[in-house]
Amino acid sequence: MKQAEDFRQDYGMADEAFCRCIRETLLDLERKEARPVRKIRWSAAIALALAMLACTAAVAAVVSGWGMMDMVNVEGLNIEPEETHGVVLTEVEQVSGENDYASLTIREAVYDGVCAYIVMDLVPKEENVLMVPEWLDPDRDAIGLMDCSNGSNVTIAEWAAEKGFERILQFNGLGGYAFHVNENGSVTLMEVRRHEIIAPAEELLQTTYRGRAAVSLNWYQEPEKPNKNIDVPFVLPNSGGTVKRYVSENATDFHGLMDAQVKLEIIKTGFTNYAVIRSVGKDFEYITVKDGEYLHTDYTFVLIDSNNHAIPDGAVHYSVNADEEILSTVKLDEVPQKLQVRLVKSTFGEEQRYDGVYLTKLHSKGEVIETFSMGDAIEYQFNSTMIARDYALKEYFVRREATLAEPVAFEGAGVVLERMRLSTYAWQTTYEISLSVQPHKSTKKGMVYKQVRFEIVDDEGNVISNSQGMGSVNMYKGTLPFSSLPDSLRVRIKVYDKNGMIEYGPVSVQLTKE
Amino acid sequence: MTKDEFARRILEMSPMLYRLCYTQLSQPADREDAVQETVRRAWEHRDKLRDERYMQTWVVRILLNVCDTQRRKNGRLLPVEVLPEQGTEVAENAPLLEALCMLEEKYRLPIQLHYIEGCDVAEVSAMLHLPQGTVKSRMARGRARLREMLKSEVFEG
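The listed protein sequences derive, respectively, from chains A and B.
Under this note's numbering, think of the first position of the first sequence as 1, with each following residue one higher.
Under this note's numbering, think of the first position of the second sequence as 1, with each following residue one higher.
Simulated from the structure, these hints should not be mistaken for laboratory data.
Just so it is clear, the structure is predicted and the values come from calculations on it, not from any experiment.
Honestly, I wouldn't trust all of these hints.
[Stated by the list, open to error] Restricting the straight-line Cα-Cα distance to at most 20 Å, the calculated cross-link-like pairs of lysine to any residue (SDA-like) are: (1) A:225 <-> B:46; (2) A:225 <-> B:126; (3) A:268 <-> A:225; (4) A:225 <-> B:106; (5) A:225 <-> B:44; (6) B:106 <-> A:193.
[What the hints assert, rightly or not] Not close to chain A: a few residues of chain B, all C-beta gaps over 10 Å, as computed: (7) 28; (8) 35; (9) 40; (10) 120; (11) 122; (12) 123; (13) 125; (14) 134; (15) 136; (16) 137; (17) 144.
For glycine and all other residues, C-beta sits at the position ideal for the given N, C-alpha and C.
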């Protein structure tokens, strides 16, 4: 019988990079604590003002009634209110629960046989309390992550203090939601829950959804206060209206890659459209993999349209030991001319794509009619440097990039900014740089600086973003509070050696947009 | 808790943190980011730790939260030109570890924390924010699944 110690040894020793990371973090934290920190920089203060303006607009929407349609459109469903008349339930059985920290009320809901959409208000009992999801760190994460201020780099705690909130109440347990922060610190959330079993089309309208809205509440930085929960059971009748369902006749095992067979369905309800990937194998257990391969293998189901474009949000990572019948339920803004399921297998950077069954609309005299036919599977393989998940995401999020026009040398420092790449996503800009660090004159031959700090600064020299590494490390990355790519940036470096710190720059670097 | 004591306890825990990161995150860079963030959060909020005896439970809870956040981020933000990195080499002839990595997280974590890291059921319950009964039932189901996978390698609780 193996002992625990034997099993621990199976993991191998923690690699040097991991251990070094812990040691350097401890040292870095100690250094940071030893020096005074200015809480709000000028750049942050400017961003804060912008954040407050942005929040004013958001709050105005709340005052006028932030409801199901606002939330589903945040989720990208793009449903027009007139399409959903009678679908949204405003009187839900057993709608609220509370404790002495907050109340949770289910205000609106939709259940259409496939998914339940639940809009809830989570309201603190005391005034001047801001609700924050537990997965955000108020002292670290930007308020922009709470949809109040696009691109702001002010922390949630700084923003809360500026807005007059005295305490932060963190909540946990409500997952897969869009949420909106209200002026009084409360939040409006929407959860989307997939029904585990989708009934046959003729029975869908008679099904009900029974669920619980459970939330755990925890006062931020008040360890003496216990966590408290609210648990609200509720029942939703099907309000989704008429249902049309199209199922591929054929199934595919992706040329033997899976033990099971997979079918593709399109379900159209009165609320929205779905693509469902379903396992129909009798003995469905695992995707077939070679020994030892699974640790480094990713499997992703990707829905593609007739132009081979990924359907927005249509990728789902597949667990090799999933035992569910329904492998994926994807909301479709609109049903494309052709919808196909593809399995992308990525192992050690090599990617294989297996195209499976598809559904396609039939044409009659040039017009598309609501009938679908199905096709057989085909297979092709190729190598790619693109990882599987990115394949689906790249077309969903608008992403632009800029690179350094030409290398920039920091005269006297022996440091060259060789490469820089900025990527702008919907919510932030990230950057990666490569610095070439040469041995400094004042150090022994072969030695480099103890530490190099790279800073991006504004016109007044205030730091917008910084990253640092040991002298031998020359890759840096970080985030910037920009929603669009700049034409140029002002950067400087600070190098630390035995004689102390020397600052070089700032210098202006030109960027080339791609 | 003094700074030195905090650092000592964290360094003592580093093999355990590594093993947990290993099964939670597939990419070495993600593991390093996660442990860095965990240490930072633990340091900055160390005044929240009411009883130092529970430091390990507390740090593991932070680590699991951070790993969860890391996976969320990975799902939202992925650079184009990143090649998947090869994970750390696993010792050969480690069928249990391989099977454990295949197990669903809800079964894997209780088993890993209890049987491999030596935490008692109460600690696992606190780490995972789950009732003790749920921890036990998940360990039982997880063991059953591992049995199926391993055939010859059997845990006994």
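Do the hints match the structure? See the list:
Under the criterion of a C-alpha separation no larger than 20 Å, the hint pairing residue 225 of chain A with residue 46 of chain B is consistent with the structure, at around 16 Å. Between the alpha carbons of residue 225 of chain A and residue 126 of chain B the distance comes to roughly 16 Å, so the proposed pair stays at or under 20 Å and holds. The straight-line distance between the Cα atoms of residue 268 of chain A and residue 225 of chain A is roughly 48 Å, outside the 20 Å bound, and the hint therefore fails. In summary, the hint linking residue 225 of chain A to residue 106 of chain B is not supported, as the alpha carbons are separated by about 28 Å, beyond the 20 Å threshold.
Our distance criterion of 20 Å between C-alpha atoms is met by residue 225 of chain A and residue 44 of chain B, whose separation comes to about 19 Å. With a CA separation close to 19 Å, the supplied pair residue 106 of chain B and residue 193 of chain A stays within the 20 Å bound. A beta-carbon of chain A comes within 10 Å of the beta-carbon of residue 28 of chain B; the shortest separation is about 7 Å. Once the 10 Å rule is applied to beta carbons, residue 35 of chain B is inconsistent with being away from chain A; the minimum gap is 6 Å.
A Cβ of chain A approaches the Cβ of residue 40 of chain B within 10 Å, the least distance being about 6 Å, so the stated non-interface status is violated. Non-interface status of residue 120 of chain B relative to chain A is upheld: no Cβ of that chain comes within 10 Å, the nearest being about 13 Å off. Look at residue 122 of chain B: its CB is around 16 Å from the nearest CB on chain A, clear of 10 Å, so calling it non-interface holds up. Residue placement check: residue 123 of chain B keeps its beta carbon more than 10 Å from all beta carbons of chain A (closest about 14 Å).
For residue 125 of chain B, the non-interface assignment is confirmed: its Cβ lies about 14 Å from the closest Cβ of chain A, beyond the 10 Å cut-off. No Cβ of chain A comes within 10 Å of the Cβ of residue 134 of chain B; the nearest lies about 14 Å off, and the non-interface call holds. For residue 136 of chain B, the non-interface assignment is confirmed: its Cβ lies about 18 Å from the closest Cβ of chain A, beyond the 10 Å cut-off. Remark: the non-interface label on residue 137 of chain B is consistent with the geometry, its nearest Cβ contact in chain A lying 17 Å away (cut-off 10 Å).
With a least CB separation of 13 Å from chain A, residue 144 of chain B remains clear of the 10 Å interface cut-off, as annotated.
Going through the hint list in order, the structure does not satisfy hints 3, 4, 7, 8 and 9.
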